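Visitor: Letter by letter, the chains look like this.
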Amino acid sequence: MLSGPPINWVLLVIGAWLAIGFLGIVALRIFGIVAKIFFPLGGLAGFVLAIISAKALTSGVVESRVLPIGLPQLQFHLRMDQLSSFFLLILGVTTVGISLFSAGYFRKGAGTAPGLLCLEFHFFLASMALVLIADDAYSFMLAWESMALSSYFLVTANHRIPKIRAAGFLYLCIAHIGAIAILLSFGILQANTGDYTFANMRLQEISPFWASAAFLFAIFGFGAKAGILPLHIWLPEAHPAAPSPVSALMSGVMIKMAVYGFLRVAFDLLHIQIWWWGVLLLALGIATALFGVIFATVQTDMKRLLAYSSIENIGLLFAAMGLALLFRSYGMNELSALALTASLYHVGAHALFKSLLFLTTGSVLHATGERNLGKLGGLIRFMPWVTGLALIGILASSGLPPFSGFVSEWLLLQSFLFTPGLPQSFLNMLVPVAAASIALVAALAGYAMVKFFGVVFLGQPREEKLREAHDAGTLEKLGMLWLALATVVLGLAPNFLLRFIDPVTQILVGKGLASSSRANGWWLITPTSLERASYSPIYFLLGVALASALVFVVVRIFYHGRLRRSPAWSGGHAWQNARMQDTAEGYGQPIRQIFESFFDLERHLPRPEESEPEYRVVVNDKFWKGLYLPIARITEFISAQVGRLQQGRISIYLLYSFLTLLVTLLMVPGVRR
Amino acid sequence: MSSISIQLINLFAAFLLLLAFAMLVQRRIINLVHMYALQGLTVVAATSVVAYVTNQEHLYYTAAITLVLKVFFIPWILHRLIKRLNVRWEIETLINIPSTMLVGIVVVVFAFNLALPVSKLSSSVSPGTLGIALACFLLSFMMMITRSKAIPQVISFLSMENALVFAATSATYGMPMVVELGIALDVLVGVFILGLFMFQISEQFESLDISHLESLKEE
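Going down the list, the protein sequences come from chains A and B.
Going by our numbering, the letters in the first sequence line up with residues 245 to 917, in that order.
Going by our numbering, the letters in the second sequence line up with residues 11 to 229, in that order.
These aren't lab readings, by the way, just hints derived from the structure by calculation.
Since we're looking at a predicted model, the values are computed, not measured.
One should not assume that every hint holds.
As the list claims (entries may be wrong) - Just a few of them, taken from the derived set where beta-carbon distance is under 10 angstroms, the chain A residues facing chain B:
| no. | residue |
| --- | --- |
| 1 | Val270 |
| 2 | Leu272 |
| 3 | Ile274 |
| 4 | Ile277 |
| 5 | Leu702 |
| 6 | Gln704 |
| 7 | Arg706 |
| 8 | Ile894 |
| 9 | Leu898 |
| 10 | Ser901 |
| 11 | Phe902 |
| 12 | Leu905 |
| 13 | Val912 |
Stated by the list, open to error - Non-contacting residues of chain A with respect to chain B, defined by C-beta distances greater than 12 angstroms in every case (computed):
| no. | residue |
| --- | --- |
| 14 | His515 |
| 15 | Ser895 |
| 16 | Leu899 |
| 17 | Tyr900 |
Unchecked claim - Chain A is nowhere near these chain B residues, computed Cβ spacing over 10 angstroms in every case:
| no. | residue |
| --- | --- |
| 18 | Arg38 |
| 19 | Asn65 |
| 20 | Leu104 |
| 21 | Pro186 |
From the three backbone atoms N, C-alpha and C, an ideal C-beta is built for every residue, glycine too.
Excised from the complex, chain A in its bound form (with noise of 0.2 angstroms):
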C-alpha cells in the first residue's frame, strides 16, 4: 500500500488540496456537496500525508525533485528530509481531524460562499505542505506568501463586520513585514553567490557577523508568524474573527510552521551556532510565554484565551528551542537531542490539543452563539459530548500527567536539569531562573485552563438561551474524537512519538533519544538513564485510577453511602443563582493583581450614588501604547508631510513636472560646465 517514493505521494496530496480547492469554485454554492463531500476528501488527503510521511521517516529516504514550474532559471526544487517529514506528519494527522469537524461545521449563508471557503482551505493546506517540500528561498516565500494569503481570506470571512476587517488587516500587515525579514534572512544566507537553493545555502561559511545578521531577522520573521513578542499582537485579535476551524488550523499547524522554517535556518543551513544565540532565544521565549499565559488567565472572551495560551506554548517551544541551540554551541549533542525532542514533542502535542480546543470552541459558538466567558456556564448538561472532549484537551494543554502536554513539559524541564555541565559560570546562573520560568508558566498554564473549564462547561447557565444549547453534529463529534484520541496516544505512549522524533533530530544535532529511551521498555520513556529519571504515563495512569477506585470504595463502604444532590461551592448560602457564581473576571482578578504592571488596565467602578450600577474592566496590550501606536503615528506623520506635495491643483502638479524637467535636463553630461 502507498508505494513508491513519498515525495511523489506529497506532490500528488498537494495536487489533490488544489483540484479539490478549485472543485469548489466549480460548486460554489452547493452547500450539500461542497460540505459533505469535498471537506472530508481533504481530511481523506490529510490522512495519506500522515501515513506517507510516517513511513518517510522510519525508512530514512531523503529525496528531491525539481518540478520545472516557476520563473527560467528559477525551478521549484523540492527537498523532502525527515524534518520536513516530521512536520507533514503534523499536518496531516491534525488536517483529518479539523476537515472532519470543517464538514460539519461550516453553515449556510455566513459571509463567504462556502465554495470560495473550500479554495481558501484546501489552499491554505496546499501551501502549508509546499512550506515543508521547498528547497528553495523562491519556492519557499511563495508558499509562504500563498499560506499568508489564503489564511487572511479565511480569518476575514465574514468580511462584512469591520471589527474582522481590521484583524485580518493587522495579521496580514505583520506576516508581511515578517516575510520581508526572512527574505533577507535568506540573502545574507546565499553568500553573494546568486543561488538561492538550500543547499547552496549550507555549503556557504559566513563569518559570524553575518551569521548573526542571518540569526536575528530569521528571529523576527519566523517570530511574526509564530507570535513571539513583541510581534505577538495580531493573535489575540486574528483567532476570535476567524471561524473556528480557521483558528484550529492556524494555532495548531500554521504558526509551527514558522518554527520548522526556523529549525531550518538555525540548525540546518547555518554551519554555526554562536552561544549567545541560544541565550537571546531562551530569553525571548520564557518573556513570550509568562506574557502569554498571564494574559490568557484574565481574558473574558473564550478564543482569545486560547489565542493568548497558543502564545504561552510557541514561548514554550522558542525556549526550548534556545537552550537547544545552546547545548549545540559547546558541542553537547546529546543534550542539545533532548530539548529539541522535547520542543518537537510540543509542537505535536500542541498541534493536536490547541485544535481540539478551538474546535471545541467552534461546538459552543455554534449551539449558543456566545463567545463571551461571562455568558457561558454549565454547558456539561446540554453538551456532554463536547465537555469530555475539551476536558481531554485541558488536561493536556495545563500540562497534567497523563497527558501529551506533560511529556514535554517534563522533558523541556529534564534538559533544564542539565545546564549545570555547561561551561559558563554566568550561564549556570541564569539557566534556574529560566527553569523556575517555565515551571511558573506550567502552573499557570493549569489555571487559566481550569478558568476556561470551569466557567463555560461547569456551574448554572448564566444565560436562559444556554439551556436550548445542543451537543455537536455527528461529522464535527468525528473530528474533534479523532484529535482527542490522538492526545490521549500522545500522552499514554510518548515513545510512539519518540521513534518519530528521534531521525529529526539525527539530522539536525546528530544525536537522537528512541533508543536509550525504549531501552527499558515501551512503556517507559528514559531520556538519559534509568537512574536519572524515568517517567511511565501507564504507570501513573493505573495509580490514579486505583487511587480513585479505592477512595470510591471506601466512601461507598464506610461513609453512609446515600447519593446527595446539591450546588457546588455554595458557599454556606441557603440558595444560589446563577449571577452568583464566580465569573470569568472574578477567578482572574488575583493574577490581575499580582501582575498588574503588566497589563494597561481600564477600570470603571460605580460610585455609591448611582442608580444602575456598572462595573467594568478592560486590560489592554502595553505593547499597543508603548510600541504599535507610536509607530503608526510616525508611519502617519511621514505620510502626511509626503500628502502636502498633492495640492489638488493641475497647475502645481505640472510644476511637478516642469521641475523635474528642468532638474533633469541640467544633469545632462556637458551643459554643466
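Please arrange chain B on chain A, whose structure you already have, making use of the hints.
Guide: For chain B alone, kept in the frame of chain A given last:
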C-alpha cells in the same frame, strides 16, 4: 545647404519663438486659437524648406499632414468647442503677465545654454534652431502651468507638440514617416479626448475653471 535656406529656417524659428511669447501673454481664447494656427503654418513652411533643400520626399507629406491637421482641422474643432461652450471671455492667469514674461526670458536663456553643447556635436544643425525649439517647448509648458481654464491648457499642450515637430524637422531634418504619422494620430486622438473631457467638466461644474477639480483631492 545654401545660406539663404539657413536664413529662412532661422527666420521661421525666430517667428515661432515670438509666437510662443505672444501666446504666453494672450488673454483672449479666440486669439490663442488663431495664434496656434499661425504657429502650425510656420512649422509647415519650415518643413517645406527643409524638404526642398534636403530633397526628402516624405517631408512634403509631413508638411501636408501638418497643414491639414494643425492649420485647418484642429483650429476648426477648437472654434466649434469655444462656440458650444461659450467661453470667449478673457482668461485670467494664475501669475500676472509681466512676471510670466520675466520667467519666460530666464527659460529661454536656459534652453539656449542647454542646446549649445548638443548642437556642437552635430555639424548639420544651426545652433539657434534647437535652442529655439527647446525654448518654445518650455514656454508652452509654462503657459500650461499659468492658465486656469481648460481650453488654453489644451492649446498649450498642442503648441508643445508643434515645438517638438519643429525640433525634429528643422534641427535633425525629419524623423521617419511612421513616427510622424504616429505623432499626428496621437494629437488628433488627444484633441478628441480632451474635448470630451471639457464637455464633461463644464457639465459637471458648469464652468471650465479647473480649480474646481481641487475638490477631488483626498483629505
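Visitor: Evaluate each hint against the coordinates.
Guide: Structure-based check of all given hints:
A distance limit of 10 angstroms between C-beta atoms decides the matter here; for valine 270 of chain A the minimum to chain B is near 41 angstroms, and the interface restraint is violated. Interface restraint check: leucine 272 of chain A against chain B, minimum CB-CB distance 36 angstroms, threshold 10 angstroms, status violated. Interface restraint check for isoleucine 274 of chain A: the shortest CB-CB distance to chain B comes to about 43 angstroms, outside 10 angstroms, so the restraint is violated. Hint status for isoleucine 277 of chain A relative to chain B: violated, with the closest Cβ pair at about 45 angstroms, above 10 angstroms.
Hint status for leucine 702 of chain A relative to chain B: violated, with the closest Cβ pair at about 54 angstroms, above 10 angstroms. About 54 angstroms separates the beta-carbon of glutamine 704 of chain A from the nearest beta-carbon of chain B, more than 10 angstroms, and the hint is not met. Interface hint at arginine 706 of chain A: violated, since its Cβ lies 46 angstroms from the closest Cβ of chain B, which is beyond the 10 angstroms cut-off. For the restraint placing isoleucine 894 of chain A at the interface with chain B, the shortest Cβ-Cβ distance is roughly 5 angstroms, inside the 10 angstroms limit, so the hint holds.
A least Cβ separation of about 5 angstroms between leucine 898 of chain A and chain B falls short of the 10 angstroms threshold, and the interface hint therefore holds. The beta carbon of serine 901 of chain A comes within 8 angstroms of a beta carbon in chain B, closer than 10 angstroms, and the hint placing it at the interface holds. With a least beta-carbon distance of about 5 angstroms to chain B, the hint placing phenylalanine 902 of chain A at the interface is held under the 10 angstroms criterion. Against a cut-off of 10 angstroms between C-beta atoms, the interface hint on leucine 905 of chain A holds, since the closest Cβ of chain B lies about 7 angstroms away.
Using the Cβ-Cβ criterion of 10 angstroms, the hint placing valine 912 of chain A at the interface with chain B is satisfied: the shortest such distance is roughly 7 angstroms. For histidine 515 of chain A, the requirement that its beta carbon stay farther than 12 angstroms from each beta carbon of chain B is met, with the minimum near 51 angstroms. The beta carbon of serine 895 of chain A is not kept farther than 12 angstroms from every beta carbon of chain B, the shortest such distance being approximately 5 angstroms. Remark: the non-interface label on leucine 899 of chain A conflicts with the geometry, its nearest Cβ contact in chain B lying 5 angstroms away (cut-off 12 angstroms).
A Cβ of chain B approaches the Cβ of tyrosine 900 of chain A within 12 angstroms, the least distance being about 10 angstroms, so the stated non-interface status is violated. With a least beta-carbon separation of about 20 angstroms from chain A, arginine 38 of chain B lies farther than 10 angstroms from that chain, consistent with its non-interface assignment. No Cβ of chain A approaches the Cβ of asparagine 65 of chain B within 10 angstroms, the least distance being about 32 angstroms, so the stated non-interface status holds. The beta carbon of leucine 104 of chain B sits about 6 angstroms from the closest Cβ of chain A, which is not more than 10 angstroms, so the claim that it is off the interface is violated.
Residue-level check passed: proline 186 of chain B sits 24 angstroms from the nearest beta carbon of chain A, beyond 10 angstroms.
Checked against the numbered hints listed earlier, the structure breaks hints 1, 2, 3, 4, 5, 6, 7, 15, 16, 17 and 20; every other hint is satisfied.
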